[in-house]
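J.: As a plain string of letters, each chain reads:
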Amino acid sequence: MEKFQILRTTAIPLPIENIDTDQIIPARFLKATSREGFGENLFRDWRYTSEGTPKADFALNNARYGGHILVAGKNFGCGSSREHAAWALYDAGFKAVISSYFADIFRGNALNTGLLPLQVSDEVLQRLLDQVEQDPQTELVVNLPEQTLTVPAWGESIHFDLDPYKKECLINGYDDIDFLVNQKEAIAAYETTRAWAY
Amino acid sequence: MAKTLFDKIWDAHVVKSFGDLSVVYIDKHLIHEVTSPQAFDELTARGLPLFRKDQMLATADHNVPTRNQHLPIEEPLSRSQVNKLTENCAKFDVELYGLGHERQGIVHVIGPELGLTQPGMTIVCGDSHTSTHGAFGAIAFGIGTSQVAQVMASQCLLISKPKRMRITIDGELRRGVTAKDLPLYIISKLGTGGATGYFVEYAGSAIRGLSMEGRMTLCNMSIEMGARGGMIAPDETTFAYVEGRPYAPQGERWEQALAYWRTLYSEPDATFDSEYHFDAQDIYPMITYGTNPGMGIALNGLIPTEVSSSEAVSFQNSLKYMGFAPGESLLGKEINYVFIGSCTNSRIEDLRTVASYVKGKHKAQNVEAIIVPGSKQVEQQAIAEGLDKVLAEAGFELREPGCSACLAMNEDKIPAGAYCVSTSNRNFEGRQGPGARTLLASPLVAAITAVEGRIVDITQYLN
Ligand code: SF4
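Line order of the protein sequences matches chains A and B. Numbering-wise (my numbering), the first sequence opens with residue 1 and increments by one. Numbering-wise (my numbering), the second sequence opens with residue 1 and increments by one.
Only chain B is shown next, with the shape it has when bound in the complex:
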């Protein structure tokens, strides 16, 4: 049977199958401080060694402060969790790009930028947004802590094969529409459970046209539609991005790898368990109004007035939490916080987008705008390009790398009741701090919101 991209990589990694379950080999295992300590303890309790420590990489990202990273972490529990990671990595001899390291950063930002993420791989991390790495044509997905321990102990997982879905977007994107608007649009159509049980491949001319950064933004949010992961067939854009990075294969091995990577695509007559087609022209700059990422509308659209009866209660609760009414437009709503960051949108291209818009402008008085780069490398690159000055002059605060207000595990919290236009991926109740009200959008929408101090139809602000 003609294989999909997913099938090809999956089949190449099956060690053994038992009925519906397969022992699947994992090429790269990324870990961070929040979901790894109990897994290390599990290993210790069972007296098991790490099976393939060289295929692991650790970083500290979720808890880290975004100011004064050279000082010890003030918050005691965060400090102890980060210290625990350092201790575990020392004890088990795992490579750690911890706080202060020039390669530290959000786990899903550093994997790709180091060239660790490559086409054809299986990649896991105790973190749902591991789907980001699928942008390279890899099978990448998030796992729970018990599974982290399993991979540590065996470099494998015992899992069943997901169903395959393809989402095709053809056509040219409208002005002001960026990669982030694609998942916000798709999820608004499919719902947060719309792809549960599936692994998604994104295809079509609009996807081909995306940069690697844009592809990562799209694949990153696959989990928000319930999918196990998302992926895009590797092409010249992918190869050009990977080539020359620290962990990328070199010389003859590069040629070998490239020859293999070029075989990674879905055969023309391969079938998917589910298919969706969208037209790029139907997609406008998006924003969310509710408390799950599926509650999105075009910026100049209206909050729906009707939802299915089973969702009615959640819908009302959600609007109550957000302080919005059915049928309302978001245009003109005052915004007091703008957060640009997270593994969805904290890469150099995102910072460039923001800087190029805000250059020579200034944020509105009523807004606090923070930009948290995804990694030390992004931060350094931004400084090398002078973006830090542009941002500072526009009144944006460029912080040090980490997850920050994406999940508010550190001190970067949005106050209760305040609205925050955020480039992150989740607008759940309390996600950015207890009572915080999150509106998800692209970095471009976020930048314009910061300058205007309210939600505007951005198409009128682009030249």
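Next up, chain A with everything else stripped away, as it sits in the complex:
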């Protein structure tokens, strides 16, 4: 996993609530057996017509917008457990998604992919969406070690919550497998205590 520390970039607004994983990456594009390439089909049915031509009014196709942060409506990532949704966002160049609410599985998947799910209040989210829509050149600065989101245009820094262990993992590019594999002795010992069960 890539390390994440400080991200300074413009953002793309997607002011839609309840964006589900079937929108992020439709099931028919889940047939690959590797992790790469899902970015091409990110938001496929919103981004392209059925003939494959880009839809001009969709934010990702709008030349005004660019950057490595997606600012999305409330309750982002509900639906399936497909980690492909996080991979598709990451593969398409996103390093963070800002929303006021994330579905549980998506949040976990994003963190395991190195994509930061950054949760702000409904009010801040609305201000961010307005700001980015009015001025697409607006820069956002995410400082992970400090857990702050700064909007220099506002002269304001906003604190965001993150599990301390997950924060360490992101900063250092570690993942849970290394951690768990190191617990094998404790796990084997645990198994002996309930051997009767299964």
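Some hints could be false.
[Stated by the list, open to error] Okay, the calculated beta carbon distance ranges per label pair:
# : chain 1 : residue 1 : chain 2 : residue 2 : range
1 : B       : Arg67     : A       : Gly93     : 37 to 43 Å
2 : B       : Pro415    : A       : Gln134    : 50 to 56 Å
3 : A       : Gly93     : B       : His101    : 39 to 45 Å
4 : A       : Ile16     : B       : Phe18     : 35 to 41 Å
5 : B       : Asp282    : A       : Gln134    : 43 to 49 Å
Simulated from the structure, these hints should not be mistaken for laboratory data. Glycine included, C-beta positions come from ideal geometry on N, C-alpha and C.
Given the structure of chain A, go ahead and fit chain B with the ligand onto it with the hints provided.
T.: Showing chain B with the ligand alone in chain A's frame:
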């Protein structure tokens, strides 16, 4: 402190805790072709073995065709994904109930029917509807592919304990109201994010009265309200269902297990972080009109005219996609597709419900009605009971098992713009094929819709 059902099982599976995070032991790990290949690759890349392969079971379900399963899969990408699963299972020596196997089927249908799913267990799968298994009083939840790799490597997950919610439904269900209407009703009240961060326990007399199939349908849709999972305390209904199944404990081990399972309930004075109470009499046969499962109404109700301002845009887009207007009734809308299947409603009881209604009737001319059983075993049982003939005579096509039009990864797609009354669990845009318009409902509502060719108030059609 008095423990909830969830606490009891969780505590029994914590290997170690670090602050908010715990290493939680997983008893059963189910895998399928879509979310496992990258996890196997991860293991290979790190040179790690499978830690406890005997606690895993694999099946092919998401991509498989529902016709001519004896032939090679035509679609090249689906074929390669299913083949990859076969190769991985051979290489890592994992038990596979793949295509052609007499136990193949949708992962959440076969676990319970094989007796693999048992009370008190922790069960995971790279699939959000793993919540289905909670019907047995297990902690069961969906995980991402990175976590699939973690469980493969350590039989554990590093997770924090969710909050606990209890949803109680007391009273008797109205005529025509079946298990599927319960989650559709609850989600219409709570919204799709209403239980995010929670693990839900369902309780109350209306829940106790459900069969295991009905309980699975309810727990299955827990994820649709954002919950990590849903569960129901095991009782005699549960034990009777599990007993004698291929993977169920036997003899002395059965007695031991039973004694333990009987301790699995929430203590009377246990507290939950959140509680909801509903009255069964308030619940009518439901249907969805929008593009998330929370957009549901009673069949004879009206699409809302007002929603909160923050949801206004999504609401309008959703109705535009569906071709409906605020304040409209769905009654009388012509329907051209009926899909009965998915891990929500493809069990033998669902097929029996449909068959008993359509017996001696025929589907409407304008409808294509397909029934996809959840597993080979369900299919065989349906044939043994003669349901296949009843269905065929009524013009319903009984297919071979798989996820099918639930997510349209195979060729079973609903055409753009067409309406489909579906017994599955998600009505997201494009879920059943690009542009497809899904209305979620129970198997009974689906069967009646197929016969009438339009949406009707089913209460007038029941004798
Ligand atoms: S039937 Fe549908 S919801 Fe169930 S596992 Fe298959 S795709 Fe997922």
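J.: Does the hinted range 43 to 49 Å hold for Asp282 (chain B) and Gln134 (chain A) at CB?
T.: 45 Å, holds
J.: Are Arg67 (chain B) and Gly93 (chain A) spaced within 37 to 43 Å by their CB atoms?
T.: 40 Å, holds
J.: Taking 39 to 45 Å as the stated bounds, is the beta-carbon spacing between Gly93 (chain A) and His101 (chain B) within them?
T.: 42 Å, holds
J.: Is the gap between the beta carbons of Pro415 (chain B) and Gln134 (chain A) within 50 to 56 Å?
T.: 40 Å, violated
J.: Is the gap between the beta carbons of Ile16 (chain A) and Phe18 (chain B) within 35 to 41 Å?
T.: 37 Å, holds
When held up to the earlier numbered hints, the structure conflicts with hint 2 and nothing else.
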